[in-house]
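**Q** Each chain, letter by letter, is given below.
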Amino acid sequence: MSYSSPLYENEIIIDESTPIIGGGGLELPTPHVRKAFRAGNTGFCKSFDIPTFSREEIRERIKEREQRGAILSQIVKNKKIPTSDQNGINFCWTYGVVTAVNVMRALRSIPYVEFSRESVAAPVKGYRNNGGWGDEALQYMVKVGIMPQSLWPKHYYQSNKYNTPDNLAVAAKYKIDEFLIFESGNFLQQMTGLLLDYPLAMGLSWWSHEICGIDPVIIGSTDLGIRIWNSWTETYGTGGMSILSESKATADDCVSPVTQTLTE
Amino acid sequence: MKSTLLLLLFAVVANAQDYHPVRALQQQAITIPINKPISFKIQTSLKPGWVETDRITPFRSILQIPEAVAYLFTNDGTYYVWAPVGTYEIESSRVLINWTKQDIDDQTVSIILTVTGTSPTPNPETTNPFSNALGLRVVIIEEQENRSKLPKSQLAIITSLEIRDYLDNKCAKDPDNNPEWRFLDQNTPTTAPTKWAKSLAEHSGKPVPWIIISNGTKWTSVALPNTIAATLALIKLYE
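Here the protein sequences line up with chains P and L, keeping their order. In this text, residue positions in the first sequence follow my numbering: the first is 3, and each later residue adds one. In this text, residue positions in the second sequence follow my numbering: the first is 958, and each later residue adds one.
The set of hints was computed from the structure by calculation and includes no laboratory data. Honestly, I wouldn't trust all of these hints.
[Claimed, not checked] To give an idea of the interface, some chain P residues facing chain L are shown, with a C-beta separation under 8 Å as derived from the structure:
no.: 1; residue: 52
no.: 2; residue: 77
no.: 3; residue: 265
[As the list claims (entries may be wrong)] Under the rule of at most 30 Å between Cα atoms (straight-line distance), these lysine-lysine pairs were calculated in the DSSO-like manner:
no.: 4; chain 1: L; residue 1: 998; chain 2: P; residue 2: 175
no.: 5; chain 1: L; residue 1: 1130; chain 2: P; residue 2: 79
no.: 6; chain 1: L; residue 1: 1163; chain 2: L; residue 2: 1175
no.: 7; chain 1: L; residue 1: 1106; chain 2: P; residue 2: 79
no.: 8; chain 1: P; residue 1: 82; chain 2: L; residue 2: 1193
no.: 9; chain 1: P; residue 1: 82; chain 2: L; residue 2: 1127
no.: 10; chain 1: L; residue 1: 1130; chain 2: P; residue 2: 175
no.: 11; chain 1: L; residue 1: 1127; chain 2: L; residue 2: 1163
no.: 12; chain 1: P; residue 1: 79; chain 2: L; residue 2: 1127
no.: 13; chain 1: L; residue 1: 1127; chain 2: P; residue 2: 81
no.: 14; chain 1: L; residue 1: 1193; chain 2: L; residue 2: 1130
Quick caveat, the model's predicted, so the values are computed rather than measured. A virtual CB, placed ideally from N, CA and C, is assigned to each residue, including glycine.
With these hints in hand, go ahead and build the complete structure from the sequences.
**A** Below is the structure:
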């Protein structure tokens, strides 16, 4: 089958030949050991255990959904979900996760909330501008939740002054209840998840950066890749998105939110 | 409420290897009549050589409970469990790091829960979760874990732009102008008895994927059709 995914205008493809730009938000060089844990009082986290699709099936499914225009990046564009802006702070590991949460909410037609990523990352890192991993952010969002930016201002991380009992009560209304953990370095598993409409928070050691995987794509007629949604404003790539080749998209850490408490 | 407290003590496995051994899987069987909640605590002994005053951090813990088993967890570590007739395996594992001893303990326990008796017949009476509110309202209820088992034509409904555009345009709007349709996992937790929570309750006990459609004067609650076209045709009956 010879087929290439349609790209958005001026969309960039990052592969082995692309210089590394930015990053620095993962807690390197310490090898990350995934911290699976029990999630909430009624939910869970578990390993993604669905059998992976073959490469040929992946290509066929990508082609079928793209010909229908039914891809997650288009859904978030239609819902006018904005690209986030981590503003140089080392909290990509939370920004990537919250982007995945926003994609999941858009898919479910749950109204958009401007969440404060710093209300998660700051307490996890002791109010310091430190790197981390996506499952640390998810673990906190399971136990504590996340505040809207109306309660915890964007980019503020220096103290706990917004962690008031009233604000924490609101954060608890947005707890993540279920999420999935993907096998480290298992690209086909990531592609299978994306084809089942699981947005992925992907930690990439080569980039020292965490982003959200949103669409599976075919590059140059046969190669596979992933369209990602970065947290570097709309000015990055095309509307905040770009494409990673297979070698660049294979994640060292990969998680996906399934359900979040419904507050409405 | 009948409750049973289980005290599960792990056996000691001496091992002189550098790599930390996983302690032997411990298994406990529980049999309980239908509709009787069961409670238990999982308690483990300290690894030989460790003492209470050591600096010990739980590093990884995971509890795997079958989908059909409902449970609550309280702060004191007690699990309250309910399940339909059948046999289930509940598995708990955790890793502890002892910073004082520079050592790791990996523990796993398995509980075989057997619920006996006859399952009750579900109440066939249902209520429109959207009451008589005028305007199109739709909720599709799925089990995300089952997506890979759906026919491709039915999986396509999830991301169908045709259906999404139709619902965005035709559904009633909330005070913030958001269209009143949702695509929810059947296990989505809710915090208040809203229409969406009532939808999930109305669906309880029924198969997935499912669809509930209401326009305030008539409504339906049925299995989700197999194709985009059939789903759209069904929804249009309630426009």
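**Q** Taking 8 Å as the limit, does the beta-carbon of residue 52 (chain P) come near enough to a beta-carbon in chain L?
**A** holds (5 Å)
**Q** Hey, residue 82 (chain P) versus residue 1127 (chain L), does the alpha-carbon distance stay inside 30 Å?
**A** Holds: residue 82 (chain P) and residue 1127 (chain L) sit about 18 Å apart, inside 30 Å.
**Q** Mind checking the alpha carbons of residue 82 (chain P) and residue 1193 (chain L) for me, to see if they're no more than 30 Å apart?
**A** holds (26 Å)
**Q** Between residue 998 (chain L) and residue 175 (chain P), does the CA-CA distance stay at or below 30 Å?
**A** holds (27 Å)
**Q** Could you grab the alpha-carbon distance between residue 1130 (chain L) and residue 175 (chain P) and see if it respects the 30 Å cut-off?
**A** At roughly 23 Å apart (the allowed maximum being 30 Å), residue 175 (chain P) and residue 1130 (chain L) satisfy the hint.
**Q** Does residue 79 (chain P) lie within 30 Å of residue 1130 (chain L) when you go C-alpha to C-alpha?
**A** Holds: residue 1130 (chain L) and residue 79 (chain P) sit about 20 Å apart, inside 30 Å.
**Q** Does residue 1163 (chain L) lie within 30 Å of residue 1127 (chain L) when you go C-alpha to C-alpha?
**A** Holds: residue 1127 (chain L) and residue 1163 (chain L) sit about 27 Å apart, inside 30 Å.
**Q** Given residue 77 (chain P) was flagged as interface, is its beta-carbon under 8 Å from a beta-carbon of chain L?
**A** holds (6 Å)
**Q** Hey, residue 1193 (chain L) versus residue 1130 (chain L), does the alpha-carbon distance stay inside 30 Å?
**A** holds (17 Å)
**Q** Does the interface hint hold: is residue 265 (chain P) within less than 8 Å of chain L, judged Cβ to Cβ?
**A** holds (6 Å)
**Q** Do the alpha carbons of residue 1163 (chain L) and residue 1175 (chain L) lie within 30 Å of each other, as the hint requires?
**A** Given that 30 Å is the threshold and the Cα spacing comes to 20 Å, the pair holds.
**Q** For the pair supplied as a hint, residue 1127 (chain L) and residue 81 (chain P), confirm whether the alpha-carbon distance does not exceed 30 Å.
**A** Holds, because 15 Å separates the two Cα atoms, which is no more than 30 Å.
Checked against the numbered hints listed earlier, the structure breaks none of them; every hint is satisfied.
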